[in-house]
Amino acid sequence: MNNSNCSGNKESPKKAKDKKKKKKRGGSKKKMSVEQTLAFKSVSEWVFLDQPSLLASAFDFGLQKSLGRGQDKLVFELHTHSKFSDGFLSPSKLVERAYGNGVKVLALTDHDTMSGIAEALDASHRYGIKIIPGVEISTIFSPSGESEAEEPVHILAYYSSCGPTSFEELEKLLANIRDGRILRAKNMVSKLNKLKIPLKWEHVARIAGKGVAPGRLHIARALVEAGHVENLRQAFSRYLFDGGPAYATGSEPQVEKTVKLICDTGGVAVLAHPWALKNPVAIIRRLKEAGLHGMEVYRSDGKLAAYCDLADTYGLLKLGGSDYHGRGGHGESELGSVNLPVVAVHEFLKVARPIWCDSIKDILESYVKEPSDSNLARIIRFVRTPKGGDPFSCCKDIVERCLTLWLTSEERQNAEFDAIRLKLSHISLNQETPRSVPLESK
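So the sequence shown is residues 1 to 442, counted in full-length UniProt numbering.
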């Protein structure tokens, strides 16, 4: 926060110049306000739940240094993509790069798939980064007026350490979208061929990789590799932009239904890049009614005031992320480059943590009622033990691992979780229980 000088006193040019030089050398440091200090303590507690020594260090640095400098900066990166959708890096390489950029909490939000989460979690143990299981879901907004056209809307979903309460229901939706993406990509290639651009489907599929539903970025990369355009920007501006000569729609679900599904499965729903929308006010109003929790308003180039005002108007969380794909070149925001205020992160966690706590509880209670392999798979889908760590001997071990990673001691110590622990302590695990479970059946 800047304090404006409202007095009428003027400084001499020499003094002003000296002050400017001193500021550049770091002579002026911005101290945390009381609100920021309390937010920082609360956020740090959650970030370092399983690393108490780092928690103490964060408090030492954070409360004595200026906000946002050095080791006291808690970087949340809430919007990223890997090779499992249209990113260029594997989830493990993405985590490694995030660590190098000082990121403490990373949400992997691939388009319409959560299949990269397992690899990201495995890599996170090597670097001490907390992973939020996420996904960016492609949807469509249908306006009520006949004169208005439909438009694509992307919704970010953030889940707990156990993932969605009904993974099968969410996965069914995502699988339908991915199938539609394949048909959509083939239609785009066909349209390009009709425009006398001899792009081959096999080229696009090879770039996308095995098991990945191709998107516009994969087609753009194929156009560049084949020499039909100079760069990705040109591919989009000439052919692939919304409504462009090679654009095609997929089989995206209605956005309101998607937001409701995210809420029903224990997720936090956030509108992605609203500045790309043609009719943001109408969309935000409808999505708020459907249960939307927040929207992106922060980018690497700062806060967008107009969208901050919209978020305030509709009582939505103000968030943001780099939307990192790893394509490189001019114009792409780097991992961790969005400066999310610690108060904004605190508000996010205040909303998200009770939702995640209830979600974890529901998943564990389902297993207590029916200790089947499928319900066990729901628990351990996103639970990992570091390499060389002790294997799980009973379900209680899994519960403790799950809870200590995600919930504070205060959140864990209640009668409901105690009852779950007691029941699960009598259930032994098969020695062949896998350390992980595939996220999608191909």
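One thing to keep in mind: the hints can contain errors.
Have a look at the derived ranges for each label pair, beta carbon to beta carbon [what the hints assert, rightly or not]:
hint, residue 1, residue 2, range
1, Gly-209, Glu-370, 32 to 42 Å
2, Val-34, Gln-234, 46 to 56 Å
3, Lys-41, Arg-126, 26 to 36 Å
Here are the simulated DSBU-like pairs of lysine-lysine, each with C-alpha atoms no more than 35 Å apart in a straight line [claimed, not checked]:
hint, residue 1, residue 2
4, Lys-369, Lys-172
5, Lys-83, Lys-210
6, Lys-303, Lys-41
What the hints contain is simulated information worked out from the structure, not anything from laboratory work.
All residues carry an ideal CB built from backbone N, CA and C; glycine is no exception.
Taking the hints in turn, this is what the structure says about them:
no. : hint                           : in the structure
1   : Gly-209 to Glu-370: 32 to 42 Å : holds (37 Å)
2   : Val-34 to Gln-234: 46 to 56 Å  : holds (51 Å)
3   : Lys-41 to Arg-126: 26 to 36 Å  : holds (27 Å)
4   : Lys-369 to Lys-172             : holds (24 Å)
5   : Lys-83 to Lys-210              : holds (10 Å)
6   : Lys-303 to Lys-41              : holds (24 Å)
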